[in-house]
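*Asks:* If you read the sequence shown in numbering that gives the first Met the number 0, its first letter stands for residue 0, the second for the next number, and so on.
Calculated directly from the structure, the hints in this document are not laboratory data.
Remember, it's a predicted structure, so these values are computed and weren't measured experimentally.
One or more hints might be untrue.
[Stated by the list, open to error] In silico DSS-like cross-links for lysine-lysine, where the CA-CA straight-line distance does not exceed 30 Å: (1) LYS95 to LYS152; (2) LYS95 to LYS83; (3) LYS73 to LYS95; (4) LYS172 to LYS152; (5) LYS142 to LYS95; (6) LYS73 to LYS83; (7) LYS142 to LYS152.
[What the hints assert, rightly or not] Across the chosen pairs, the derived CB separations fall in these ranges: (8) SER76 to MET151: 37 to 45 Å; (9) ARG86 to MET151: 39 to 47 Å; (10) ALA159 to ARG122: 16 to 24 Å; (11) ALA78 to TYR164: 40 to 48 Å; (12) ILE72 to ASP126: 40 to 48 Å; (13) GLY146 to THR51: 25 to 33 Å; (14) ALA159 to GLU125: 17 to 25 Å; (15) SER169 to MET94: 34 to 42 Å; (16) MET151 to ALA66: 22 to 30 Å; (17) ARG86 to ILE128: 46 to 54 Å; (18) ARG122 to SER145: 25 to 33 Å; (19) ILE58 to GLY117: 43 to 51 Å; (20) LYS152 to VAL109: 14 to 22 Å.
Ideal placement from N, C-alpha and C gives every residue a C-beta, glycine not left out.
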Amino acid sequence: MFEYLVYSNRNLAPLSPYLNFDPSYLKSSQPEFIFPEGVSRHRGRFELAFSTIGGMCMIGGAIGGVAGLVQGIKDTSAAGHTGKLRRTQLINYMMKQGAGSANTLGVVAVMYSAFGVGLSWLRDTEDEINTLAAGTATGLLYKSTSGLKSCMKGGAGGLALALAYCAFTSREKLTSWTSN
0 MFEYLVYSNR NLAPLSPYLN FDPSYLKSSQ PEFIFPEGVS RHRGRFELAF
50 STIGGMCMIG GAIGGVAGLV QGIKDTSAAG HTGKLRRTQL INYMMKQGAG
100 SANTLGVVAV MYSAFGVGLS WLRDTEDEIN TLAAGTATGL LYKSTSGLKS
150 CMKGGAGGLA LALAYCAFTS REKLTSWTSN
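Kindly produce the complete structure, drawing on both the sequences and the hints.
*Replies:* Laid out in structure tokens, this is it:
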């Protein structure tokens with residue numbers, strides 16, 4: 000009735016029995032994003048901000064959920080809870096800690112993305128200086144309500160994380176720079 004495996008003469012790719020076309024036509028080496036003419040062929044900081052913020056929220060929720068589970072196990076066993084009461088308490092610990100951590104990392108990601116996008120628009124370039132400045136400014140702003148000493152520690156922490164990120168993503172530039 001149906002011929003489930005038919006090979007084309009061109010490259011022996013199987014035809015789809017349901018759609019009646021050769022799937023090898025869909026394979027393309029071109030980018031999968033649609034860009035306006037005259038625009039560079041990579042996503043900018045603004046486009047990447049959305050995935051950064053969402054990813055940080057999910058990572059924060061996962062880390063917070065695990066931390067809440069560990070704390071919940073300690074507290075419920077110390078309180079002597081068993082059965083349904085313990086299970087409910089464990090879920091409460093996980094959800095509360097997960098939501099708090101997701102919120103914290105999400106806010107940090109929003110601040111970092113806002114600084115990064117603003118700097119790239121102001122400087123009209125995208126380089127490591129924007130990343131370092133955005134990380135430092137994020138740390139400074141995040142800890143700004145805790146006093147000057149904590150604010151400076153936050154800025155140093157943001158700068159350290161941004162330096163680690165730049166060192167990881169720009170290894171080729173660093174090796175060519177140090178070899179000259």
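*Asks:* All hints are to be evaluated individually against the structure, with a verdict given for each.
*Replies:* Right, here's what the structure says about each hint:
1. LYS95 to LYS152: holds (27 Å)
2. LYS95 to LYS83: Holds, because 18 Å separates the two Cα atoms, which is no more than 30 Å.
3. LYS73 to LYS95: With Cα atoms ~16 Å apart, LYS73 and LYS95 stay inside 30 Å; holds.
4. LYS172 to LYS152: With a Cα-Cα distance of about 28 Å, the restraint between LYS172 and LYS152 holds, given a limit of 30 Å.
5. LYS142 to LYS95: holds (22 Å)
6. LYS73 to LYS83: The hint holds at about 16 Å.
7. LYS142 to LYS152: holds (8 Å)
8. SER76 to MET151: 37 to 45 Å: holds (41 Å)
9. ARG86 to MET151: 39 to 47 Å: About 44 Å separates the Cβ atoms of ARG86 and MET151, which means 39 to 47 Å holds.
10. ALA159 to ARG122: 16 to 24 Å: With Cβ atoms ~22 Å apart, the hint holds.
11. ALA78 to TYR164: 40 to 48 Å: holds (42 Å)
12. ILE72 to ASP126: 40 to 48 Å: holds (46 Å)
13. GLY146 to THR51: 25 to 33 Å: At 28 Å between Cβs, range holds.
14. ALA159 to GLU125: 17 to 25 Å: For ALA159 and GLU125 the Cβ distance comes to about 21 Å; the hint holds.
15. SER169 to MET94: 34 to 42 Å: Hint holds: Cβ distance 39 Å, inside 34 to 42 Å.
16. MET151 to ALA66: 22 to 30 Å: Holds, at about 27 Å.
17. ARG86 to ILE128: 46 to 54 Å: Cβ of ARG86 to Cβ of ILE128: about 51 Å, so the range 46 to 54 Å holds.
18. ARG122 to SER145: 25 to 33 Å: holds (29 Å)
19. ILE58 to GLY117: 43 to 51 Å: violated (24 Å)
20. LYS152 to VAL109: 14 to 22 Å: holds (21 Å)
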